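Engineer: So you can see what is in the structure, the chains are spelled out below.
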Amino acid sequence: MVGRIHSIDTFSTLDGPGIRTVIFMQGCGLRCKYCQNPDTWATRNDKTQELSILQLMQIIKRGIPYYGKQGGVTFSGGEPLLQADFISSVLQQCKHLNIHTAIDSSLYIDSSRLMKAIPFTDLVLADIKSIDQEVSLKLTGKSNQLNRDNLQILNDNHVKVWIRYVVLPGWTDRPTDIRDMAVFLRSLANVEKIELLSYHTLGKHKWNMLGLSYELEGIKPPSPEYLKELAEHIASLSGKLATF
Amino acid sequence: MHAWNGFNTGRWTNDTDVRDFIQKNHSPYEGDSLFLAPASEKTNRLWLQCQDLLKEERKRGGVLAVDVKKPLQINSHPPGYIDRDSEKIVGLQTDAPLMRGINIYGGLRTTMKACKAYDYQISQDLIDFFAQHRPTHNDGVFAVYTPAMRLARKVGIITGLPDSYGRGRIIGDSRRIALYGINFLVEHKKKDLEQLTEEMTPATIQHREEIFKQIEALQATCEMAKSYGCDISRPASNAYEAVQWLYFGYLAAVKEQNGAAMSLGRVSTFLDIYLERDIEQGLLDEAGAQELIDQLVIKLRLVRHLRTPEYNELFAGDPNWVTESIGGMASDGRTLVSKTSFRFLNTLNTLGPSPEPNMTILWSHRLPRPFLAFCAHLSMATCALQYENDDLMREYYGDDYAIACCVSAMRSGKETQLFGARCNLAKLLLYAINGGRDEMSGEQVGVEMMVYQDEFLEYNEVMRRLEIQMKWLSELYVNTMNVIHFMHDRYAYESLQMALHDSQLHYYMAFGIAGLSVTADSLSAIKYGRVKPIKDASGLITSYETRGDFPFFGNDDDRVDQIAVELIKMFKTNLQKHQAYRQAQHTLSILTITSNVMYGKHTGDTPDGRKCGEALAPGANPLHGREKLGAIAGLNSLAKLPYSYARDGISLTFSIVPESLGKSDSERVDNLLSLLEGYFTQDAHHMNVNVLDPATLIKAMEQPEKYADLTIRVSGYAVHFTRLSRELQEEIIARTFYRKL
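Residue numbers (this note's numbering), protein chains in the order written: chain A, 1152 to 1395; chain B, 49 to 789.
Since the hints were made in silico from the structure, they are not lab data.
Please note that the accuracy of each hint is not assured.
[What the hints assert, rightly or not] Below, in silico cross-link-like pairs of lysine to any residue (SDA-like), each with a Cα-Cα straight-line distance of 20 angstroms or less:
| # | chain 1 | residue 1 | chain 2 | residue 2 |
| --- | --- | --- | --- | --- |
| 1 | A | 1371 | A | 1188 |
| 2 | A | 1198 | B | 730 |
| 3 | B | 711 | A | 1378 |
| 4 | A | 1212 | B | 606 |
| 5 | B | 711 | A | 1382 |
| 6 | A | 1198 | B | 673 |
| 7 | B | 711 | A | 1374 |
| 8 | A | 1212 | B | 52 |
| 9 | B | 676 | A | 1197 |
| 10 | A | 1220 | B | 286 |
| 11 | B | 711 | A | 1376 |
| 12 | A | 1220 | B | 414 |
| 13 | B | 580 | B | 629 |
| 14 | B | 519 | B | 629 |
| 15 | A | 1379 | A | 1320 |
| 16 | B | 72 | B | 327 |
| 17 | B | 711 | A | 1288 |
| 18 | A | 1198 | B | 595 |
| 19 | A | 1220 | B | 714 |
| 20 | B | 239 | B | 289 |
| 21 | A | 1184 | A | 1266 |
| 22 | B | 711 | A | 1197 |
| 23 | B | 676 | A | 1159 |
| 24 | A | 1220 | B | 722 |
| 25 | B | 711 | A | 1276 |
| 26 | B | 72 | B | 52 |
| 27 | B | 676 | A | 1378 |
Please read all numbers here as calculations on a predicted model, not as lab measurements.
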């Protein structure tokens, strides 16, 4: 079995706790309008590397001296759970070595795939694109039903979750949606925190390079003050830690 | 003895043994930094005046004033002050702050050139005197240099050699003056002299003369202190005296010598014993303790030497490598971190960031966590610290060694080194391909062989050729060093610094490599890619067509990393086949200072795809932008380089943008410490840590005066960024700054 990999960063501190090796898997079913890595969408392209479990484990193991008590491995993407068999095998081996494991997923994915990874996953960095069906459809091209189901599954299986929520002014900051999301998250005991991510345009050039048209032209990233305000609001409604 | 009241006695009481004194008396400190005091009013007043002077110095192009009348000597100048009322610790190199002296013993022409660069001129009398009556180190060397040595120097296969300036990298153990006083040291030196009376071989005669000079220098230092109203013939009896006496030792050294690196040693925990004794007796409070250290550090920040423009190109930013080694562990498992380790580092807060003194953290996995966290905070705030692996070095040097310059470890007062700059390994590879001809000038420099004939470069053949050229270079390099150090001892001997060493010394002879990563990458291209050499009209190979997918150093790929390892082993093994002056032990460093830019300028196209004139990587760093897998893969490549073959140090400059270290301050501290731990527990040697955004550097280029204090570590030392040439600034910005991919 091989994994289709977009790229690997052996040092990340922003994709879970501590120092982490992040494996960006190739392929994603969503077409989010703000995506900063549209080059990970296709199932395969000419830059895709194929690595065996053994080859990938060799890279992951080289980080062990740096992981400390907190750090470890994060599968990101793309949508890592599209390659659930591959990543589950790797995650299982990581757990044998006592390496902390995380998946960064949209959870817009068939639940059976998620179930494969759950036994070997310490933390899921889960997106909520929008709590609203319509907005989700417009923003990502897909309904958010699977996302909600999967968050529930993670809760039922007691897997720790950090929610990641991109604040895209005019799209994801509607007060009713913020409220509905916060109330929903209040019901999920496994959610440890909510990270508000500021929309940014750093990935825009990739859209141009791939010949895609970027539709969010003109939207300005939210101010830190606004993010702070939103975070405080979400924290008070959800009873969870909210960072930005 | 009154001065030693309250100290635990031991072997140190009768013999010169500072380590034993520390071991018997130091107080390991495992707590946090909350006890620290801010700068005193006096310190603030003094430092403000110094800042004005520093500003004026910058305004005048980097040199405030030069005293061209009297060559600098331990007692050449009357006492100098900045502001007597505010100065707790006194002593300047000349009679005015930041006024540079001239040191002619290194070289007359060099001194004249340096003066001229700043519109000064030495008097004709002085020139005539030296020209007619007193050969300099430089005269001696050039009288003896062979044509091959001159040629190697001219084409730049070996450069930066200390043949016209002080060699430096010698650390006089000034702690001895504080602990014992000059009289005790003189008595012991006299005894050593008595022992050297049997066979008068050249070595014995030389040694006797040296000890004689050492005694004179000790006495001169005593006179210098007396001119400042201090009697250092006797030991220091309190904390103030300990700091002042120790500083006099260092001051005398930087008056007598203009060595490239004039390092301080490992003084903070030694001084801590005095500070804590005074505090315990109610003679000193925390504010007073910080004041003494602040005032010492102010003086260290004002050390100056006069340099030529050529020198500044190699060692940019006016550095003196006033290196102070801080922390580390004792052999018995106690930490050598003391409250004064914190106080010393705290000067980066009380006085603000500064490249000097060059604070070097001796890292151990057993260092107290609060100390490590304090260091990490300072690294993030100032980019002024470097870290070196104490767990690794302690095996070789015990627990009272210090770092000279950037990465050169030596037992304090018991070992010293003969500094030898570096050779250009990338150029040597090109010689292997071109049959010993220089790719820039076409001259025959190395071993004459056929220029490479086949259509494509073949790895084994290139390596065979490289080995032949390396044998040649090793012999030439050792011989050149022998000439330099013989003459340096003869004409510019460091009497005072050597007086603060044992008379029976262990010498290292320190060789160096520049361009390791480019050379390894080139060989990787040859082995795993396809490299077609292209000849110019004269038949010389001056460029390459490089194809294929080959690994670069810095991606944790053994295929190329092991080539780098092999190169180090090969070179070290070849060097030690040739006997070194004073039976010195050969060591090797992978360190460039800032010469990577100059070396690059004088190196033609290389098979890895690097173009003629482009900079080499600093130290042992991967070449800019070639790390594709992120920081850990880069660090892992570096950690493979064997310290046992490169005991003069393996330098890595690591730069990362703050956001990439984590979100919150505490996350960043944790992650930086995990990074250091992962690196050093794999026996890696050194890391310069820069936590900053290159955008800040770009702003500093635009508004230099606003960023006058902006400090950045470049290669084993730190500089004020705005004092670098534009070319160097651009090279630093082009370096890899790790950030989220």
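Engineer: State for each hint whether it applies.
Structural biologist: Hint-by-hint comparison with the structure:
no.: 1; hint: A:1371 / A:1188; in the structure: holds, 19 angstroms
no.: 2; hint: A:1198 / B:730; in the structure: violated, 32 angstroms
no.: 3; hint: B:711 / A:1378; in the structure: holds, 15 angstroms
no.: 4; hint: A:1212 / B:606; in the structure: holds, 15 angstroms
no.: 5; hint: B:711 / A:1382; in the structure: holds, 15 angstroms
no.: 6; hint: A:1198 / B:673; in the structure: holds, 18 angstroms
no.: 7; hint: B:711 / A:1374; in the structure: holds, 17 angstroms
no.: 8; hint: A:1212 / B:52; in the structure: violated, 54 angstroms
no.: 9; hint: B:676 / A:1197; in the structure: holds, 17 angstroms
no.: 10; hint: A:1220 / B:286; in the structure: violated, 45 angstroms
no.: 11; hint: B:711 / A:1376; in the structure: holds, 17 angstroms
no.: 12; hint: A:1220 / B:414; in the structure: holds, 16 angstroms
no.: 13; hint: B:580 / B:629; in the structure: violated, 42 angstroms
no.: 14; hint: B:519 / B:629; in the structure: holds, 19 angstroms
no.: 15; hint: A:1379 / A:1320; in the structure: holds, 14 angstroms
no.: 16; hint: B:72 / B:327; in the structure: holds, 18 angstroms
no.: 17; hint: B:711 / A:1288; in the structure: violated, 31 angstroms
no.: 18; hint: A:1198 / B:595; in the structure: holds, 17 angstroms
no.: 19; hint: A:1220 / B:714; in the structure: holds, 15 angstroms
no.: 20; hint: B:239 / B:289; in the structure: violated, 27 angstroms
no.: 21; hint: A:1184 / A:1266; in the structure: violated, 28 angstroms
no.: 22; hint: B:711 / A:1197; in the structure: violated, 34 angstroms
no.: 23; hint: B:676 / A:1159; in the structure: holds, 8 angstroms
no.: 24; hint: A:1220 / B:722; in the structure: holds, 9 angstroms
no.: 25; hint: B:711 / A:1276; in the structure: holds, 16 angstroms
no.: 26; hint: B:72 / B:52; in the structure: holds, 13 angstroms
no.: 27; hint: B:676 / A:1378; in the structure: violated, 33 angstroms
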